[in-house]
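Chemist: Protein chains in written order, with the numbering used here: chain A, 1 to 113; chain B, 1 to 109.
No lab work stands behind these hints: they were computed from the structure.
Just so it is clear, the structure is predicted and the values come from calculations on it, not from any experiment.
Incorrect hints may have been included.
Under 7 Å between C-beta atoms, here's a sample of chain B residues computed to sit facing chain A [claimed, not checked]:
{"hint": "1", "residue": "42"}
{"hint": "2", "residue": "44"}
{"hint": "3", "residue": "46"}
{"hint": "4", "residue": "50"}
{"hint": "5", "residue": "63"}
{"hint": "6", "residue": "101"}
Derived pair list, reagent style DSBU-like, types lysine-lysine, alpha-carbon separation capped at 35 Å [unchecked claim]:
{"hint": "7", "chain 1": "B", "residue 1": "3", "chain 2": "B", "residue 2": "54"}
{"hint": "8", "chain 1": "A", "residue 1": "13", "chain 2": "B", "residue 2": "3"}
{"hint": "9", "chain 1": "B", "residue 1": "3", "chain 2": "B", "residue 2": "108"}
{"hint": "10", "chain 1": "A", "residue 1": "57", "chain 2": "B", "residue 2": "3"}
{"hint": "11", "chain 1": "B", "residue 1": "69", "chain 2": "A", "residue 2": "57"}
{"hint": "12", "chain 1": "B", "residue 1": "3", "chain 2": "B", "residue 2": "52"}
{"hint": "13", "chain 1": "B", "residue 1": "54", "chain 2": "B", "residue 2": "108"}
{"hint": "14", "chain 1": "B", "residue 1": "69", "chain 2": "B", "residue 2": "54"}
{"hint": "15", "chain 1": "A", "residue 1": "57", "chain 2": "A", "residue 2": "13"}
{"hint": "16", "chain 1": "B", "residue 1": "108", "chain 2": "B", "residue 2": "69"}
{"hint": "17", "chain 1": "B", "residue 1": "3", "chain 2": "B", "residue 2": "69"}
{"hint": "18", "chain 1": "B", "residue 1": "108", "chain 2": "B", "residue 2": "52"}
{"hint": "19", "chain 1": "B", "residue 1": "52", "chain 2": "B", "residue 2": "69"}
{"hint": "20", "chain 1": "B", "residue 1": "52", "chain 2": "A", "residue 2": "57"}
{"hint": "21", "chain 1": "B", "residue 1": "54", "chain 2": "A", "residue 2": "57"}
By construction, the Cβ of each residue, glycine as well, lies at the ideal position given by its N, Cα and C atoms.
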Amino acid sequence: KAGVTQTPRYLIKTRGQQVTLSCSPISGHRSVSWYQQTPGQGLQFLFEYFSETQRNKGNFPGRFSGRQFSNSRSEMNVSTLELGDSALYLCASSLTISTDTQYFGPGTRLTVL
Amino acid sequence: LAKTTQPISMDSYEGQEVNITCSHNNIATNDYITWYQQFPSQGPRFIIQGYKTKVTNEVASLFIPADRKSSTLSLPRVSLSDTAVYYCLVLGAGNKLTFGGGTRVLVKP
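Generate the whole structure from the sequences, applying the supplied hints.
Modeler: Here it is in structure tokens:
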């Protein structure tokens, strides 16, 4: 079974632009969560989607948003990029909301210049 | 949400056993304890998960005392390829994972 895939793997943007990242969960998984990882802040939870509905949201500004499609694929969008948004963005999927184990994708490395 | 605390780094040698202890004082009754391994520029990889007592799989063991306020990940006979950052985390209500700072394990030849 294929793992979690994320596209693109690397991205370079400039301040003020917006970006959309994509995540395809493991087949059959219905929950997708997004995380931001930086050297200074570590792994921080962004949001979680299940059945196209956002179930949880971390402490990030409204510039960070996401959505989930009927096939469980998910996208996250960051508008008006700031230098501090440079990070590794990780997507994780799990079978259902009651399942504890999350499986992570390789991440998208976003660099904001 | 439960907060996890783990050592920042640990050094070991090939063939030794590595034990990483994590404290999670305010773990809730229904919380599971999970450990992940992460290599540079990769996503975390699931290692092991437990609720109480001891869990063992093909790569690690997890020891959880009765009060569940801490847990210890045990990596038997580590090799150079086990050099990575290991995260202890507690899964609380809402399936929201909150990661601790991670323990950087360096395995030396």
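Chemist: Determine for every hint whether it applies to the structure shown.
Modeler: Hint check:
| no. | hint | verdict |
| --- | --- | --- |
| 1 | 42 | 6 Å, holds |
| 2 | 44 | 5 Å, holds |
| 3 | 46 | 6 Å, holds |
| 4 | 50 | 10 Å, violated |
| 5 | 63 | 18 Å, violated |
| 6 | 101 | 6 Å, holds |
| 7 | 3/B / 54/B | 21 Å, holds |
| 8 | 13/A / 3/B | 34 Å, holds |
| 9 | 3/B / 108/B | 30 Å, holds |
| 10 | 57/A / 3/B | 17 Å, holds |
| 11 | 69/B / 57/A | 26 Å, holds |
| 12 | 3/B / 52/B | 18 Å, holds |
| 13 | 54/B / 108/B | 28 Å, holds |
| 14 | 69/B / 54/B | 14 Å, holds |
| 15 | 57/A / 13/A | 25 Å, holds |
| 16 | 108/B / 69/B | 31 Å, holds |
| 17 | 3/B / 69/B | 11 Å, holds |
| 18 | 108/B / 52/B | 32 Å, holds |
| 19 | 52/B / 69/B | 10 Å, holds |
| 20 | 52/B / 57/A | 29 Å, holds |
| 21 | 54/B / 57/A | 32 Å, holds |
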